[in-house]
Each structure stands twice: as C-alpha cells, then as structure tokens.
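Residue numbers (our numbering): 165 to 310.
By construction, these hints were calculated from the structure, which means they are not laboratory data.
Keep in mind that a hint or two might mislead.
[Said to hold, decoys possible] The following label-pair restraints were derived from C-beta to C-beta distances: (1) Glu266 x His206: 24 to 34 Å; (2) Asp170 x Gly306: 28 to 38 Å; (3) Asp170 x Asp197: 13 to 23 Å; (4) Trp207 x Ala299: 15 to 25 Å; (5) Gly212 x Ala167: 32 to 42 Å; (6) Gly306 x Glu178: 12 to 22 Å; (7) Ala213 x Ala252: 30 to 40 Å; (8) Gly217 x Val301: 16 to 26 Å; (9) Arg298 x His211: 14 to 24 Å; (10) Gly227 x Thr200: 16 to 26 Å.
Remember, predicted model here, so these are calculated numbers, not experimental data.
Ideal placement from N, C-alpha and C gives every residue a C-beta, glycine not left out.
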Amino acid sequence: MIAPLDAITLVPGEAAGEVFVLAEPLSFWGGLDSATGRIIDHWHPQHGACIAGRILVMAAGRGSSSGSSVLAEAIRRGTGPAAVVLAARDAIVTVGAMVAAELYERHCPVVLAAPVVFATAAAASRLAVRAEERAAVLSPSGSNPS
Numbered sequence: 165m166i167a168p169l170d171a172i173t174l175v176p177g178e179a180a181g182e183v184f185v186l187a188e189p190l191s192f193w194g195g196l197d198s199a200t201g202r203i204i205d206h207w208h209p210q211h212g213a214c215i216a217g218r219i220l221v222m223a224a225g226r227g228s229s230s231g232s233s234v235l236a237e238a239i240r241r242g243t244g245p246a247a248v249v250l251a252a253r254d255a256i257v258t259v260g261a262m263v264a265a266e267l268y269e270r271h272c273p274v275v276l277a278a279p280v281v282f283a284t285a286a287a288a289s290r291l292a293v294r295a296e297e298r299a300a301v302l303s304p305s306g307s308n309p310s
C-alpha cells in the first residue's frame with residue numbers, strides 16, 4: 165500500500181478509479197468525443213482510448229478555451245473522467261469541471277500535484293481522489309503497466 169499523497173484542490177470532489185495517463189497533452193476541443201469519452205485526435209498517441217470514468221493523469225491540457233465546454237459536456241453525459249490530476253495549472257480543464265459542477269451538479273475533482281506526487285499517481289493502477297476546499301489527498305494503489 166502506498167501512503168496517501170497531498171495535492172492542491174482546483175475543483176473539489178471525490179472519485180476513485182483506474183488511472184489513465186496521457187502520454188501527451190490533449191485538447192478536449194477536437195480531441196475528445198463527449199458522446200463516447202474516446203480520444204478522437206488522430207495525431208494523439210492514444211487515439212481511440214476511452215477516458216470515461218477513469219482518473220485522468222495529465223501534465224496539462226492543450227489548446228482551445230472551447231475545450232472547457234467539451235469537458236463539461238462529457239462530465240454531464242457520464243463519459244468524462246472521474247477526476248483529473250494535473251502537473252501544471254490548467255484553466256481550461258479547471259473551468260470545464262467547475263461548469264459541470266455548477267450547471268449539472270456532476271462532480272469531477274481536479275487537483276494539482278507536485279512532480280513527485282504526479283509521478284507516483286501516474287505509476288499507480290488505481291487512485292482515489294478526495295479534493296476538499298483547502299487540500300486534496302490522493303490514495304494510489306497497484307502499479308500502472310504503462
């Protein structure tokens with residue numbers, strides 16, 4: 165069992181699930197099908213993979229501010245990630261999750277992790293995220309084969 169890890173809450177909430185580590189940044193606008201939760205960016209190395217219900221571990225997003233609306237819609241439909249762990253602050257991802265919580269009452273916690281915490285989260289096969297207003301705790305388990 166890996167000890168719980170501290171992170172910074174960007175969007176509060178609780179979630180647990182299988183970890184999915186993005187190999188490269190992803191623009192949700194044109195890169196994610198909100199109807200299916202699949203990566204549709206043909207140039208992304210994980211094209212065709214599904215992020216629905218998974219803990220998305222990503223260094224940062226990429227691209228258009230319209231990506232917030234795509235992420236919010238995916239969260240509303242239940243095809244978005246269960247939570248997002250970022251290595252760098254990303255306003256687009258944060259706003260998308262905030263909009264989903266405010267408009268649809270669907271929660272996708274978003275946390276900011278220091279480099280060591282991010283690496284540990286990325287190496288886990290499963291992760292529980294508890295993001296409260298003042299602080300977040302990540303509880304990893306297993307090891308990620310990727």
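*Indicate whether the distance between the beta carbons of Asp170 and Asp197 respects the range 13 to 23 Å.*
About 34 Å separates the Cβ atoms of Asp170 and Asp197, which means 13 to 23 Å is violated.
*Is the distance from the Cβ of Gly306 to the Cβ of Glu178 consistent with 12 to 22 Å?*
holds, 19 Å
*Verdict for Arg298, His211 (Cβ pair) under range 14 to 24 Å*: The hinted range 14 to 24 Å is violated for Arg298 and His211, with Cβ atoms some 38 Å apart.
_Please check whether Trp207 and Ala299 have a Cβ separation lying inside 15 to 25 Å._
violated, 37 Å
*Take the C-beta atom of Ala213 and the C-beta atom of Ala252, compute their distance, and say whether it sits inside 30 to 40 Å.*
violated, 22 Å
*Okay, Gly212 versus Ala167 on CB: inside 32 to 42 Å?*
Once the Cβ atoms are compared, 35 Å apart, the range 32 to 42 Å for Ala167 and Gly212 holds.
*Between Glu266 and His206, is the Cβ distance one that fits in 24 to 34 Å?*
Given a distance of about 32 Å, which is inside 24 to 34 Å, the answer is holds.
*Confirm or reject the claim that Gly227 and Thr200 have a C-beta distance inside 16 to 26 Å.*
holds, 20 Å
*Does 16 to 26 Å hold as the CB distance between Gly217 and Val301, or does it fail?*
Since the Cβ atoms of Gly217 and Val301 sit about 20 Å apart, the hinted range of 16 to 26 Å holds.
*Between Asp170 and Gly306, does the C-beta distance stay in 28 to 38 Å?*
violated, 20 Å
Going through the hint list in order, the structure does not satisfy hints 2, 3, 4, 7 and 9.
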